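Participant: What follows is the residue order along each chain.
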Amino acid sequence: MKEASRWKRAGGWVDLRGRREGGLAFLLMRLTGIGLVIYLFIHLYVLRLLAQGPEAWDAFIAMAKSPLFLALDGLLILGILYHALNGVRVTLLGLGIGVPHQARLFWGVMTLTLLMTAVAVYAIFAITG
Amino acid sequence: MWIWQAFTGLLLLILLTLHMVFNHFVVEGGLRTYQDVVAYLSHPVVFAWEILFLVVVTAHALMGVRAIILDLGIGPGTDRWLKRGLTLLGLVMIGYGVWLSWLVRSRGV
Amino acid sequence: MPTWQLRLLRGRPGSPPRLETYRVELPAEAYLIDAVEKIWAEQDRSLLFRHACHHASCGACGVRVNGRERLMCITPLREFSPDRAIQVEPLRHFPWLGDLLVDVSPMMQWMAEIGFAIIRRDELTADRPLPGGIEQGTRFEDCIECGLCLSACPVMAADEAYLGPAALAAIERMLAEPRDGDTARLLALADDPHGAWRCHSAMECTAACPSNVDPASAIGRLRRRLIVEKFRRWIGGGR
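Protein chains in written order, with my numbering: chain A, 1 to 129; chain B, 1 to 109; chain C, 1 to 239.
Isolated chain A (complex conformation) (with noise of 0.2 angstroms):
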């Protein structure tokens, strides 16, 4: 609708009224690749204090080993595996690829992501504890 504010349309893709797997999929893909790269500019910034010697690293891998850090790895695990996994399904369907099983897929993907993630969660506590 024209008359819908400029601001509001640009909300729109949030809007999951009357979607479906293939919407969702949509969403969570743009909210994870947003996530992301937020990450990857913490992730860089963070790094900066290698530059600044052992002392300075050190006290931040001791810092990164409580038990809040390491679930928010977990967080950040469940983030990546989504994008990758549902990355191969619209990696595919965007070349037509399997139109048909699209909501199939994602439900695959969906429990791809959330076992790898429970591994990986238990590897990380199971590593550093």
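Calculated directly from the structure, the hints in this document are not laboratory data. All values reported here derive from a predicted model rather than from experimental measurement. Beta carbons are placed, not taken as given, at the ideal position from N, Cα and C, and that holds for glycine. Just so you know, nobody snuck in bad clues.
Just the calculated beta-carbon pair ranges, DEER-fashion:
1. C:P2 with B:T17: 57 to 65 angstroms
2. A:A64 with B:W99: 17 to 25 angstroms
3. A:L75 with C:D103: 40 to 48 angstroms
Add chains B and C to chain A, keeping to what the hints say.
Facilitator: Only chains B and C this time, still in chain A's reference frame:
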């Protein structure tokens, strides 16, 4: 641009997996101490791998940002400036990463 | 005979629209278009909506039913319960003209520009004997230009420059059977940041399409063709 987004994305499947494995599944405790990082980056293959990862992940991330902004319905004029701005940002990010890796590496070699 | 509740979006551009509930008595065998027509005929002659063929071949009566894009003429009332209101709203991503009516001309202009194939040889009856007096079977093209796919597509929400699923599917269709048409012009139209590359595979177009056009697959085929053309130009330096 879609082709490049897909291509860099598929590259990242390999690059990121090994980035994670190298950094978290090789050393005891899962996180590298300062000495571990220096030793790690001193290896020429690892150094090249991490730089390649940096370039590809930066390109993929910033192309994604452009896609999101294009979806807001911007015109070709705005897009030209957007592309310039993101290219500059990408070069700064890559330049910073290469400088940092080189600095850390030089303390070990 | 059951009484159905319909909650229709009402209003005219310039003031915010509101939802109004109407009650109509109709048999369960009736369709949503019958209910809306009955409301127009018996309760409010100012109700704006589009309709023509009543059998899903004109594409005029596209609306959103409980949020989802549907053609009113093939939406049976028996799908719903008389206890709960059926919400009917106009399509998204088109200029709103009032009530359930939108201006579909932005889409139609693209379709005209592409030179949309309307008729093709009928492959369904190709190897069957034709009735006497008929020389050749022709088949109307699948796309009925209803605009449901544009309304369902999340990319259409903000990007007015995006060609959209219907137009991209039409380009792909024309390329498959160009009949001396200008394929280079169509490829150039599709090979644009706001053309075939803008699609993010949300797959809502194909899910919404009432006519088996499958725009998502068509966009995929179109991209494959564009990639092959690019590659050819790259290694061959033109043709």
